[in-house]
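Student: So you can see what is in the structure, the chains are spelled out below.
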Amino acid sequence: VKKTVLVLGLSIVAGIPGCGGHPDFYAVHKEASTADRTPVLKPDYTGITLPPNIGPTNFVLQETGVRFLTRIAGKHGEPITVFSKNADVRIPQEPWRKLLLKNLGDTLNVDVCIKQSDGSWREFRTIKNAVSGDPIDPYIMYRTLSVLYVYSRDLCLYQRNLETNRESEMLNALNFFPGCCNCHTFYNNDPSKAFIHIRTQDFGNSALVVANGTVGKIPTKFGYTSWHPNGKLIVYSVNKVDQCFHAAWKDPRDAFDFTSGLKVYRVDKQKIVTVPQIFQEAALETWPCWSADGTCLYFSSGLITWTDFKTQPPEHLEQTRYSLMRIPYDEKTDTWGVVDTFLSANATGKSITQPRVSPDGKFIVFCMHPYGPSPYLQPGSDLYIMDIATRHYEPLALNSEWSESWHSWSSNSRWLAFTSKRNGGILGRIYLAHIDSNGKAAKPFVLPQNDPRFYDSFVKVYNIPEFAIARFTVPQQALVSAIRSYEHLNVDVPAVTGATPRVPPKPE
Amino acid sequence: MKPNLKTVPYITAILFFISYFLFTLLYIDPRLIFTFNGLNKFSFVFEFSREYAASIAFVPGGFAKLCATLVVEACEHAWLGAFLLTLIAGGLTLGTAAFVSKIRQKPLFVLYYVPAILFLVMLSRYSMHYLPAVLSMLGSVILALVYQRISGESAIKRCALFSVFFLAAYYLFSFTAVLFGVLVIVHEFLVRKNKIFPVLYTAAVLAVVLFLFRLFVFPFDRIFTYASIVDFRRPLLYLFLAVPLSAFLAGLSPFSTVDFMKGKKKSDHERIAMVLYITRGIVVLMAVALTMTWAARDWTTKTLRELGSVIYCDRNCLWNDILQKKHSFLFRNSPNWQSPTTLLTAHALYRALYHTGRLGTDMLTFPQITDPEPLLLWKSSYSIYFPAWVAALESVMDLGMENFAERIAGEAMENMGPLPFLLFRRTIIQAVKGNDECAHVYLNKLKQMPGSGQIARRLENGTGAADLSSNPGVVRLRSFMDTCDYVINRADEEKALLNLLKSNPRNRMAFEYLMAYYLLSRRPDMVVHNLYRLDDLGYREIPMLYQEALEIYRQRDSTFNTPLAKLASDPYTKARCERFLKLMQLYDSQSRGSQAALVSEFGSSYFFFFTFGYSTGGKS
Numbered sequence: 154v155k156k157t158v159l160v161l162g163l164s165i166v167a168g169i170p171g172c173g174g175h176p177d178f179y180a181v182h183k184e185a186s187t188a189d190r191t192p193v194l195k196p197d198y199t200g201i202t203l204p205p206n207i208g209p210t211n212f213v214l215q216e217t218g219v220r221f222l223t224r225i226a227g228k229h230g231e232p233i234t235v236f237s238k239n240a241d242v243r244i245p246q247e248p249w250r251k252l253l254l255k256n257l258g259d260t261l262n263v264d265v266c267i268k269q270s271d272g273s274w275r276e277f278r279t280i281k282n283a284v285s286g287d288p289i290d291p292y293i294m295y296r297t298l299s300v301l302y303v304y305s306r307d308l309c310l311y312q313r314n315l316e317t318n319r320e321s322e323m324l325n326a327l328n329f330f331p332g333c334c335n336c337h338t339f340y341n342n343d344p345s346k347a348f349i350h351i352r353t354q355d356f357g358n359s360a361l362v363v364a365n366g367t368v369g370k371i372p373t374k375f376g377y378t379s380w381h382p383n384g385k386l387i388v389y390s391v392n393k394v395d396q397c398f399h400a401a402w403k404d405p406r407d408a409f410d411f412t413s414g415l416k417v418y419r420v421d422k423q424k425i426v427t428v429p430q431i432f433q434e435a436a437l438e439t440w441p442c443w444s445a446d447g448t449c450l451y452f453s454s455g456l457i458t459w460t461d462f463k464t465q466p467p468e469h470l471e472q473t474r475y476s477l478m479r480i481p482y483d484e485k486t487d488t489w490g491v492v493d494t495f496l497s498a499n500a501t502g503k504s505i506t507q508p509r510v511s512p513d514g515k516f517i518v519f520c521m522h523p524y525g526p527s528p529y530l531q532p533g534s535d536l537y538i539m540d541i542a543t544r545h546y547e548p549l550a551l552n553s554e555w556s557e558s559w560h561s562w563s564s565n566s567r568w569l570a571f572t573s574k575r576n577g578g579i580l581g582r583i584y585l586a587h588i589d590s591n592g593k594a595a596k597p598f599v600l601p602q603n604d605p606r607f608y609d610s611f612v613k614v615y616n617i618p619e620f621a622i623a624r625f626t627v628p629q630q631a632l633v634s635a636i637r638s639y640e641h642l643n644v645d646v647p648a649v650t651g652a653t654p655r656v657p658p659k660p661e
Numbered sequence: 010m011k012p013n014l015k016t017v018p019y020i021t022a023i024l025f026f027i028s029y030f031l032f033t034l035l036y037i038d039p040r041l042i043f044t045f046n047g048l049n050k051f052s053f054v055f056e057f058s059r060e061y062a063a064s065i066a067f068v069p070g071g072f073a074k075l076c077a078t079l080v081v082e083a084c085e086h087a088w089l090g091a092f093l094l095t096l097i098a099g100g101l102t103l104g105t106a107a108f109v110s111k112i113r114q115k116p117l118f119v120l121y122y123v124p125a126i127l128f129l130v131m132l133s134r135y136s137m138h139y140l141p142a143v144l145s146m147l148g149s150v151i152l153a154l155v156y157q158r159i160s161g162e163s164a165i166k167r168c169a170l171f172s173v174f175f176l177a178a179y180y181l182f183s184f185t186a187v188l189f190g191v192l193v194i195v196h197e198f199l200v201r202k203n204k205i206f207p208v209l210y211t212a213a214v215l216a217v218v219l220f221l222f223r224l225f226v227f228p229f230d231r232i233f234t235y236a237s238i239v240d241f242r243r244p245l246l247y248l249f250l251a252v253p254l255s256a257f258l259a260g261l262s263p264f265s266t267v268d269f270m271k272g273k274k275k276s277d278h279e280r281i282a283m284v285l286y287i288t289r290g291i292v293v294l295m296a297v298a299l300t301m302t303w304a305a306r307d308w309t310t311k312t313l314r315e316l317g318s319v320i321y322c323d324r325n326c327l328w329n330d331i332l333q334k335k336h337s338f339l340f341r342n343s344p345n346w347q348s349p350t351t352l353l354t355a356h357a358l359y360r361a362l363y364h365t366g367r368l369g370t371d372m373l374t375f376p377q378i379t380d381p382e383p384l385l386l387w388k389s390s391y392s393i394y395f396p397a398w399v400a401a402l403e404s405v406m407d408l409g410m411e412n413f414a415e416r417i418a419g420e421a422m423e424n425m426g427p428l429p430f431l432l433f434r435r436t437i438i439q440a441v442k443g444n445d446e447c448a449h450v451y452l453n454k455l456k457q458m459p460g461s462g463q464i465a466r467r468l469e470n471g472t473g474a475a476d477l478s479s480n481p482g483v484v485r486l487r488s489f490m491d492t493c494d495y496v497i498n499r500a501d502e503e504k505a506l507l508n509l510l511k512s513n514p515r516n517r518m519a520f521e522y523l524m525a526y527y528l529l530s531r532r533p534d535m536v537v538h539n540l541y542r543l544d545d546l547g548y549r550e551i552p553m554l555y556q557e558a559l560e561i562y563r564q565r566d567s568t569f570n571t572p573l574a575k576l577a578s579d580p581y582t583k584a585r586c587e588r589f590l591k592l593m594q595l596y597d598s599q600s601r602g603s604q605a606a607l608v609s610e611f612g613s614s615y616f617f618f619f620t621f622g623y624s625t626g627g628k629s
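Residue numbers (the numbering used here), protein chains in the order written: chain V, 154 to 661; chain Y, 10 to 629.
Keep in mind the hints are simulated off the structure, nothing from the lab. Here a beta-carbon is modelled for each residue, glycine too, at the ideal position from N, C-alpha and C. Zero decoy hints are in this set.
Here are some chain V residues pointing at chain Y (derived, C-beta under 8 Å):
1. W402
2. Q465
3. P466
4. N576
5. G578
6. D604
Work out the full structure, taking the sequences as your base and the hints as a guide.
Tutor: This is the structure we're talking about:
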């Protein structure tokens, strides 16, 4: 009996793919016929530049066969061979990490041999992926939500370790349902100082300020935010956002601001300040972003062309274009200069939004799209890069026919995370791309997942990816307690809040 | 021959549960339970995916949620659903009977049926969000029963067993583990009496453990997510199940039969007690009967059933079933679109009439008022009323308003969960719009749902998996799709339908709905001005209601000579119009019987509807 059990056990173990060993790659290589193309991978991890510390880029071979043999090798280090009965290629974590580190600045070759049903092997051309010498920030925080329109339920902020592909929940909106967790911002990519905007029906709208492990609550509406490099100042937008629906657009939605403006929150003094230059009555200021040295603030600004604040959407919305503006700021004297049009919408013919300055201060990446403030809903939105010194701008080579938006720089200014809807126009996914010192982008690749078929049935969208240099350590309980608490920071909030339209609606 | 009294409870039980099964199958109709899934804010969706498995395995109470989901999914097949629901009721009855009989001898057997009856009331209201709680209670009773049978006398063994079972109950049924604790303590109190203290101490320690578990081990969201499914804050639950069950299990000594069934000569005191016993039995039986009657005849329940039935038929394209239903009770006083059931019934009627080719002729054979809202549920689809979303989704998809459909489907899926019928429609919408890759994501998600593989394969088989866009159904819908852009928020039904006809003048449904819109808005001029479209759409004759609108228009404008469709109007319509006008003259002069004649002859005509602002339908 014991022998039978032993034989049975060994047979089962030997039957498990990978456990029973795999055919020698070189032997297969010798006997295989050659296909005159590279194999089709899903997600498309071909011809890309990989960060040296990225987790395994697992994929599915979109080829038919009965056995799949994949070999990943570089000039140095131990090659990885994955042999399986199905087309899923799951790369082991530790050998992958070692292989990447040994091939910094070099190339990884991916060779695929597929056994056909007649027993013959077919080998494809080698896929060559570059391994960059520039590491990527180890964490990325983002939000996932359904493709929804008015009523939300299932929103969640996650953080992901890019080195291991492990995802964990930061804040789930079900904890304060009905509610919504919106934009999150970190101070210089450091999650120990964070800002998270919350909207809830039962506990009010607020912003959570996380600093040194403690969570404070500011009981007012915050929109898009940007930390000053000194960490004492946050500029945020106050937006009266609404949305409308188009009958024949690819993406049915369109969002717009009836009114918007920028305000300043002094973290050190716990005080909200209104700066007239960036809170003008006739203008729609939004999307703030500090320069790397903190000497000026970039933001987008359009003109209010409507007087009726009830008609939805407002008249002439399609003609509202946002320019890229800049205003100097003197940290020592705490004074603001004069607003300057950095890149005019009249010159580009498009709206310029979501400016993000690279941490080295050299480049600024922004969205350009037909009109309005919402690039993420316009298929025509593309990412552009501008050399701040020369003001020369051009589209990044990572754009698609669909919307690209919500971009974030890594702390070393060499990686860009952004959301793209290139896979069908509706479901936004996070892509990573290398940006070289000249501002040229490599081919982007979708955020790797442990399950290579993950995206095939994931019906939610990703947005607001933000790189982080470390793990966000504040427990979810602390965030939820702060949201649900009646206690809040004693912030001096001006009587006129951002929620109040500054141009009063016409009487009926 | 003396009847064998011992077999009475068994015969009663068999008869009761056969009746229970038939009542559930034929009256409650488990298919409606399946239809209501998600419509009342709680949805049960099972899927074959790691995420789902994790949400079950790593959440206290996940097991109860899984069981409830499987039961609700099984309700798609009426007989299977009825069988499972009867099984749950049987489990509740037999489990409690077995538990109680161990601690009190021969209690009044009729009381065992109380949980089953209350469960039936819950079913008759389609309140399935209580199902995980009910299943958890059943599980707790069964665990308590097992404890009762195997605990033995040893205090250590009892405490160890109690701890293990309690933690297992917490893992499987979440906070319903408390019920298990209560049952065990009741058992210990009545059976072991003064030996209860070790178990009490253990219970106290476990309560602390449970509290710490909730605080540190399971994150906030898990607890709250689960609480939204098993909501113990609702007093109704206690009213329906917890209170009678607890009182029952606590051992109501007056209901015990032990003192009366000894067969000896009875004293006066015993005779009085026997009378009291019989009286109590009758009261309980009457209460049970009343509960069943209430469950069956309650107006709310009837309306709910009607609503569920209409949604079911509408979703499954059972047009004749919709048209043959007796909707008269809904329109008892007059059609009132404020009532959601009436609104959705009218909506389903329009859709059924269109699909059976009768919208232009028989629309007014059902009671109507001058409000076109039920046609497309234009305003209702912006409110938070899930059944209206689902109903509107079907119509606007058929019409070709794919972006509007996508908006509704998005709202519905976010709030009702990824239900298979919503995933299916989103797949179609994205395929129609040419977003194939996105359509495949929805389709792959759909394939993870049990029983949906066939639908998914059918969708793919027409074309091959790679190209949903060339599926014949998708191609047909695409030919009707809106290609003229406009902002939906600024539009009304008329603009939306006109734009559909601008995108494709051969969109017959858009045309008929537009005409119905004009008819219901009492705008015969617009009906007449759109009659020219009949030629393109291949009509052989002008539908009756359009002809009547044409006669009305001619009466108002005698010089009217607009070139109409090639089709001629029926002379009989003109004669009817003249007859109506004569009757109207009599009515205006308050002639006796003229009103009755008007209603009986013209109650379902456009002449009547245009004049009085409502139609009487088939009613005289």
